[in-house]
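Asks: Residue-level listing of the chains:
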Amino acid sequence: MSDAHPIAPTARIPRRRVGSPALSVPRVELTAAPASEDASPVRLEAAGLCKSYRKGRVAIPVLRGVDIQVRNGEFLAIIGQSGSGKSTLLHLLGTLDAPDAGEVRYNDLRIDNLPAAKRDQLRNQRIGMIFQFYHLLPEFSALENVLSPLMIASGALAYYRRRRQHLARAKELLELVGLGHRLKHKPRELSGGEMQRTAIARALVAGPDVLLADEPTGNLDQSTGEEILKILRTLNSQQGLTIVMVTHDLAIAEQADRVVRLVEGQVQQV
Amino acid sequence: MYKLLLCWRYLRTRYIALASVISVTLGVATMIVVNSVMSGFSFEMKSRIHGILSDVIFESHSMSGFHDAEYHMEQIMRVAGEYIAGMTPTVHVPAMLTFKYGGKMVTRQVTLIGVDPKTAGNASSLPEFLQHPENRKRLSFNLREGGYDTHDRQSGEDSGDRDVLADAGWPYRRWWAAREQAFEFDAEQAMRVPPPEFEGAEQQAGAEQAAGPAAGPKDPFAAAQPKQNVFNPMQEQHAGLVLGIALSNYRDQNNKERFLLMPGDDVQLTFPNAGNPPRAINSYFTVVDLYESKMSEYDSTFVFVPIDVLQKDRGMIDPTSKVGYVNSIQIRLKDERDGDLVRDKLRAAFPTELYNISTWRDKQGPLLAAVQMETAILNVLLFLIIAVAGFGILAIFFMIVVEKTRDIGILKALGASGRGIMGIFLAYGLSLGMVGSGVGMVLGLLFVIYINQIAEVLSYITGHDVFDPSIYYFYKIPAIIDPFTVAWIVCGALAIAVMASVLPARRAARLHPVEALRYE
Chain A
1 MSDAHPIAPT ARIPRRRVGS PALSVPRVEL TAAPASEDAS PVRLEAAGLC KSYRKGRVAI
61 PVLRGVDIQV RNGEFLAIIG QSGSGKSTLL HLLGTLDAPD AGEVRYNDLR IDNLPAAKRD
121 QLRNQRIGMI FQFYHLLPEF SALENVLSPL MIASGALAYY RRRRQHLARA KELLELVGLG
181 HRLKHKPREL SGGEMQRTAI ARALVAGPDV LLADEPTGNL DQSTGEEILK ILRTLNSQQG
241 LTIVMVTHDL AIAEQADRVV RLVEGQVQQV
Chain B
1 MYKLLLCWRY LRTRYIALAS VISVTLGVAT MIVVNSVMSG FSFEMKSRIH GILSDVIFES
61 HSMSGFHDAE YHMEQIMRVA GEYIAGMTPT VHVPAMLTFK YGGKMVTRQV TLIGVDPKTA
121 GNASSLPEFL QHPENRKRLS FNLREGGYDT HDRQSGEDSG DRDVLADAGW PYRRWWAARE
181 QAFEFDAEQA MRVPPPEFEG AEQQAGAEQA AGPAAGPKDP FAAAQPKQNV FNPMQEQHAG
241 LVLGIALSNY RDQNNKERFL LMPGDDVQLT FPNAGNPPRA INSYFTVVDL YESKMSEYDS
301 TFVFVPIDVL QKDRGMIDPT SKVGYVNSIQ IRLKDERDGD LVRDKLRAAF PTELYNISTW
361 RDKQGPLLAA VQMETAILNV LLFLIIAVAG FGILAIFFMI VVEKTRDIGI LKALGASGRG
421 IMGIFLAYGL SLGMVGSGVG MVLGLLFVIY INQIAEVLSY ITGHDVFDPS IYYFYKIPAI
481 IDPFTVAWIV CGALAIAVMA SVLPARRAAR LHPVEALRYE
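In order, the protein sequences belong to chains A and B.
Here our numbering is used: the first residue of the first sequence is 1, the next is one more, and so on.
Here our numbering is used: the first residue of the second sequence is 1, the next is one more, and so on.
Just so you know, the hints here were simulated from the structure itself, not pulled from any lab data.
Predicted model only: the values in this text are computed from it and were never measured.
All C-beta atoms in this analysis are idealised placements derived from N, C-alpha and C, irrespective of residue type, glycine included.
Any given hint could be a false lead.
Covered stretches of chain A (chain B as the covering partner; in silico rule of three or more C-beta atoms under 8 angstroms from a C-beta of chain B) [claimed, not checked]:
no., region
1, 89-99
2, 105-116
3, 149-160
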């Protein structure tokens with residue numbers, strides 16, 4: 001696919017069903033995935049990503065040409081020291097931020113320069129994200145937090161029409177992460193591990209292909225962190241979810257399929 | 001969906017924002033109260049003015065007036081007959097009212113109006129404001145045998161105790177006449193010069209002495225009546241006169257109403273005649289009723305007399321045709337709103353060099369304009385209060401946006417658009433405005449509905465009258481709720497609340513998600 005980022009697919013190849021029947025919801029194809037004979041197709045790709053932050057007049061480079069390929073169904077861990085630009089890379093992959101140079105491709109479609117509405121839609125439906133600080137909405141209960149991507153996806157009326165379906169799916173996911181008994185609790189009434197599990201359920205509710213995890217265990221004690229990792233590994237192995245996890249802890253990173261190290265703004269294979 | 005849900009949650013959890021709309025609430029409530037009371041006042045005032053003045057007034061520039069009211073009324077009917085419900089001719093003259101009170105002569109400046117008792121009720125509400133029930137049904141300038149209202153009819157039975165009027169009319173007149181005659185008789189006796197000693201004179205005196213007791217033992221003063229053609233106030237009255245009540249009444253230190261003049265009293269009027277140069281004419285009248293419109297301007301200047309008496313006294317009757325001159329014709333319309341139309345038609349039909357044609361609004365233009373101006377200025381000031389409340393909302397909203405920065409980042413990370421985020425805060429502003437103005441509306445309406453009770457409670461607490469009826473001429477605070485005005489006020493408050501939330505909402509929409517998420 002050498003031609004520049006077509007919004008409309010030129011060739012449409014049937015996507016492999018990776019999710020369990022429960023987790024796969026019918027959705028619109030953004031573009032066609034490239035055919036790959038030997039390995040799984042590349043789901044998410046960064047090519048020559050550069051990003052620098054301005055501090056006054058001085059530009060501080062954070063990423064200096066990052067190339068990374070995440071294959072479908074892969075569990076990739078990116079490790080690096082604090083300030084090495086791990087989170088920045090993850091934000092760029094998740095189109096929360098725009099790179100200064102380079103490209104981000106999703107299913108071989110360039111996504112970093114899509115119009116804002118398309119990127120919003122992508123984040124809403126294709127890329128799930130979890131964070132170190134969970135980032136749940138304090139006004140919403142666990143169930144409502146899980147439902148929020150679905151609420152964002154559709155208007156009030158459309159949501160209301162399908163509310164039973166949505167509710168059933170949110171409950172199912174919360175049960176999957178072991179929170180079936182905490183549906184009505186507000187985030188402040190949940191423990192750290194429970195909050196992170198809620199966040200995972202929220203990230204998955206719209207049925208994304210990719211989960212971006214930003215230090216998911218960074219704020220948790222070891223055993224709770226292990227539980228979270230176990231959930232992620234299960235999701236990866238049983239449902240074929242592509243996961244990109246960022247961490248500074250090698251012990252945690254080693255539980256992934258593949259680990260890369262981010263040093264001085266560039267990727268080193270480990 | 002998430003917008004509404006979040007907005008609802010914010011509304012229920014952010015009490016400080018609710019505090020910021022209290023000023024909206026107060027502003028809306030005050031505006032509703034002020035507008036209702038002002039429109040109540042102006043409605044009362046208009047209806048009073050309108051009750052006295054007819055819809056359209058057709059008058060001559062000169063004081064001597066125009067000839068033949070009948071002919072003019074026919075012409076007016078021809079021009080605008082389809083709009084006219086009734087007409088009456090009147091004569092207006094500035095005059096001086098003089099009467100005796102406490103042994104002193106009291107003089108008042110008045111506007112003397114000659115009215116036709118038969119048609120006065122057709123064109124104005126003059127009879128409605130009189131104190132005798134029969135006069136209200138049908139105006140008469142004959143003194144009545146008592147039966148005048150002993151309380152202030154227009155302001156309810158609990159106010160305006162007027163027991164003295166119970167004797168008004170002939171009983172009162174006979175009482176003072178008797179007293180006066182007794183006084184005069186004594187004076188006459190004391191000053192009597194011994195009669196000349198003629199035989200004829202002796203006889204005449206003797207005949208008088210004989211006739212006196214024969215007239216009746218009940219009347220010891222009959223002997224004092226020297227001649228038959230002398231006016232006897234015991235049985236006779238002068239031409240009738242209806243007196244503006246404020247010319248007569250006053251309140252003493254106990255706030256009790258007292259009267260200088262009552263139906264049955266005689267007064268003297270001095271007014272110019274229609275000659276050239278005008279000369280002052282003096283004429284006696286008998287007060288037959290009191291006129292109370294509650295418009296102090298009218299109650300303290302208007303004096304009504306029969307038009308034929310006034311025409312005769314002023315020399316306004318053409319000696320050959322016996323047809324009188326009048327100053328003006330009062331016209332009442334079927335629909336008051338046609339006033340301007342009828343005025344313009346009449347102005348086109350009659351030469352404006354001779355006639356001045358105006359509506360009652362034209363006549364009271366300055367007063368009505370002043371009330372309107374007052375209302376407008378109050379509205380501007382009160383709306384500024386709501387605008388100030390808008391800035392309060394603005395400040396609080398900026399605070400909330402800062403507080404919610406992380407949530408905004410989360411929502412964006414979950415795929416919410418900038419528009420969606422903006423929608424949350426606009427909807428939040430709107431719902432705050434709705435809460436504020438809704439509560440304000442309810443408070444304002446309750447206040448207006450129970451305004452008199454509230455005034456009473458306030459009087460009771462503070463110990464002095466909040467609303468002094470003797471100043472305002474209303475015994476209750478008048479208030480009219482205009483749904484349209486209320487709707488406007490509420491919409492204005494809503495608009496201000498939404499406008500105040502636009503800037504913070506835009507700021508929220510533009511927040512960079514990464515910056516927002518980094519916020520810890």
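Asks: Please check whether the region 149-160 of chain A has three or more residues whose CB lies within less than 8 angstroms of a CB on chain B.
Replies: Held - the region 149-160 of chain A has 9 residues with a Cβ nearer than 8 angstroms to chain B, which meets the minimum of three.
Asks: Taking 8 angstroms as the Cβ threshold, is the statement that the region 89-99 of chain A is covered by chain B upheld or broken by the three-residue rule?
Replies: Contact hint for the region 89-99 of chain A vs chain B: holds, 4 residues under 8 angstroms.
Asks: Apply the coverage criterion to the region 105-116 of chain A and chain B: a residue qualifies when its Cβ sits closer than 8 angstroms to a Cβ of the chain, and three qualifying residues are needed.
Replies: violated (count 1)
Violation of the numbered hints given earlier is confined to hint 2; every other hint is satisfied by the structure.
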